[in-house]
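Asker: What follows is the residue order along each chain.
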Amino acid sequence: MSAPGKVGFSKAVYTRPRSLVDVKSHFCPGCHHGTIHKIVAECIDRYDLREKTIGVACVGCSVFLYDYIDVDVVESPHGRAPAVATGVKRAQPDKFVFTYQGDGDLAAIGTSEVIHAANRGENLSVIFVNNTTYGMTGGQMAPTTMLGQKTSTTPYGRDFRSDGYPIRMAELLSGLEGTAYSARVAVSTPAQIRKAKESVRKAFEMQISGMGFSIVEFLSTCPTNWGMKPLDAQKRVLGEMSEYFPLGVFKERKQADVA
Amino acid sequence: MSALAASPSKRILTKGNEAICLGAVAAGCRHYYGYPITPQNDIPEYMAAHLPALGGTFLQAESEVATINIILGTSASGKRVMTSSSGPGISLMQEGLSYMAGSELPAVIVNISRSGPGLGGIAPSQGDYFQAVKGGGHGGYRLIVLAPHSVQEMYTLTMLAFDLADKYRTPAMILGDAVVGQMKEPFVASPYDPASTVEKPWALTGCVGRERRNLKSLHLKDNAIEVHNWKLHEKYERIRKDETRAESYMLDGATIAIVAFGTAARVSKTAIQWARKEGIAAGMLRPITLFPFPEREVFELARTVDVLLVIEMNTGQMVEDVRQCTSLHDRIAFLGKPCVMPTPEEILERIRLLAGRKG
Amino acid sequence: MTGDIIMAGFGGQGILMIGNLLAITAMEEGKHVTWFPAYGVEMRGGTANCTVVVSDEEIGSPVVGRPKGLLIMNGPSMEKFLPMLAPGGDLIINSSLVEERQVTRNDIRLLQVPADDIARNKIGSRQMASMVALGAYVARSGIVKLSTVFDCLPKVISKKYEKFIPLNVNALKEGAALAGFHA
Ligand SMILES: Cc1ncc(C[n+]2csc(CCOP(=O)(O)OP(=O)(O)O)c2C)c(N)n1
Ligand code: SF4
Ligand SMILES: [Mg+2]
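Sequence order for the protein chains is B, G and H.
Mapped onto my numbering, the consecutive letters of the first sequence carry residue numbers 451 to 709.
Mapped onto my numbering, the consecutive letters of the second sequence carry residue numbers 1310 to 1668.
Mapped onto my numbering, the consecutive letters of the third sequence carry residue numbers -17 to 165.
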């Protein structure tokens, strides 16, 4: 999108968030990572956090977070973002710290780190992108892969007898005392995008007011590895994915709880 | 290779990563566990598709830390078991590998290595040489390390890795890279010919009618850990003595000898052919086992040639081992290309230079 | 006959498949051959490419910096690979999707193949475009015999699609005819 004014409109109907870098996206057509990046950038701008934010990038298609979000970013090993973020936050408690992690990253190899960061009530925010697969490595099974879903490592469909069940992280983490906020959102319709923004704002507010660990799980697409057209991928999110992974807020701590 | 050309019909065009799977299956491996990482995903994907029909088990673990410990458990059960990964994942396996070496448990670990350090990149690299041959994890142990340079060897060396691992009760590693892993070339599925069938009287199968057994690496009593270390040391010495393998390529009358392994060796072969056509007596010693390293061969070679040209896809790792083998250090030259393949042209260029010729 | 080629285009155009077919054909003719694909993140954005090396001698590198042949099925691949083609090398372009003005070199042998148009209009299936292009390359370069390519089709086409083999043969022939070869 071009900057306002250039296209001859007198009123800006769209402006790129200040914290979003103006580059061409490398994500596949119909991938939601880009949309989620934008929401994160908007929320950073909303609280004027750009200059005090330290982002933690994980390993996955979103590792290039540092190319898109115009804030300081440190890269972490696969799954370890919540530990790295803990280190940053403990050293600089006055800074705003968030991680951005895929489902393979957070819910497989990084389960230990995210659970213990939440359980300690680390005052940081986690953006968790669940696309039911390992996007970057070419569509293998993730812990969130749906039963029966064919992936390159479940060629006959995921079977609970050998691969277990899709894991609901937002609910699981909401059960920990240290978690201040946990919600699941989607970005497949304009209304969902509005709600998603609200949730990210809530999560950020938790950190700003020192209430502890916050996480927002996004139901996202991976048309490339699902072997679907972008529109069909949207439908899958709205259909079977939202059925198994219900949208909603699972925990929201009130100021009084921490008093 | 030229023998292959003689019987075209038996050859099948196969990817290196797949040849590893075929070799493992031929050698009786029915248990594979792993975690996705580029550039080796063909291996878990092949195993996921084919092991169930063979009555085997494929499992995608939640991490490489979990993977190597699932491997440990299956190995303790006396079964042939394999995993594969690449740099970052192999790093996470080091703790488990140390425990397995200490507990004397066999398994085959495949490293289709990529560029590092850290997340690095997915370009082919030989930057994991030190990690593979020097122990990698804590406590002082060795892995048997085999370095294939063709799709055919991905197959045969995988079978050999299982045999050696069982024979010496120790983990064995296939150290490949993205080039030998991703490329396809003709290969022959030669029948598996086990060096010897190895009973596993140490396996934990339940102590029906026998004394209970333990598999462990913890030795706290008296000098038990010292004794254990000497035992491991003697084993590694036996491996050094009996299992060193290397290819001599056009070394007859050579004055310039390349020392290279894997993909770097493969590319060097082209350069050597070109050099020979120009009348330069070039040849190569190609270590097939990186541990045990062909120490004696390098020692002898250093005395007969003018120059040993060590070529690696890193900034200099194996070259340190080459230096260990000889005191004739002024005869050692080095060409390092971190995270890229050297081209035959640049190798030839260096050969010419060393031969005192202008290009 | 010795040669090497880089083939490139969109994912789904059948690039890896025709590369594979060429490699199997060379193997069946008793030659040394390697096939090397783009892998990993290179695939994102839906592009595909592979390198095939054919030789009478043992092959060192399966990756080539200066290929003697280049087969380009879409516009974006042209920019990336054209500079690599060896002077005097064969450039086969899918002129249905690649514009001639993108060919910014004149030290190469250009062959324009309207592969998509031929596939759609003459063969009756757009899927056959890459086969048309392969036919043209094989005829132009002489790297393998066209008849061996026909023989090897069953090795790359699964039983399920066996009935399309004659279509593939036609596509290869149409491409070869453009290079002045008539089977
Ligand atoms: C220790 C380690 N193991 C494996 C990998 C390979 N790897 C890179 S990204 C990734 C998973 C990506 O999936 P996800 O977290 O779901 O992110 P997505 O790409 O789907 O957004 C894996 C396994 C790695 N980089 N490090
Ligand atoms: S592979 Fe999937 S997750 Fe990655 S950019 Fe493409 S659509 Fe998005
Ligand atoms: Mg994912």
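Mixed in with the good hints, there may be bad ones.
Unchecked claim - Reference listing, derived: stretches of chain G covered by chain B, where coverage requires no fewer than 3 residues with Cβ under 8 Å from a Cβ of chain B:
{"#": "1", "segment": "1341 to 1347"}
{"#": "2", "segment": "1351 to 1361"}
Claimed, not checked - DSBU-like cross-link-like pairs, simulated, lysine-lysine; straight-line CA separation at most 35 Å:
{"#": "3", "chain 1": "H", "residue 1": "127", "chain 2": "B", "residue 2": "679"}
{"#": "4", "chain 1": "H", "residue 1": "137", "chain 2": "B", "residue 2": "600"}
{"#": "5", "chain 1": "G", "residue 1": "1319", "chain 2": "H", "residue 2": "50"}
{"#": "6", "chain 1": "G", "residue 1": "1443", "chain 2": "G", "residue 2": "1550"}
Worth flagging that the hints you see were computed from the coordinates, not collected in a lab.
Just so you know, these numbers come straight off a predicted model, no measurement behind them.
We put the beta carbon where it would ideally sit given N, CA and C, even for glycine.
Asker: Does the structure break any of the earlier hints, and which numbers would those be?
Answerer: 3
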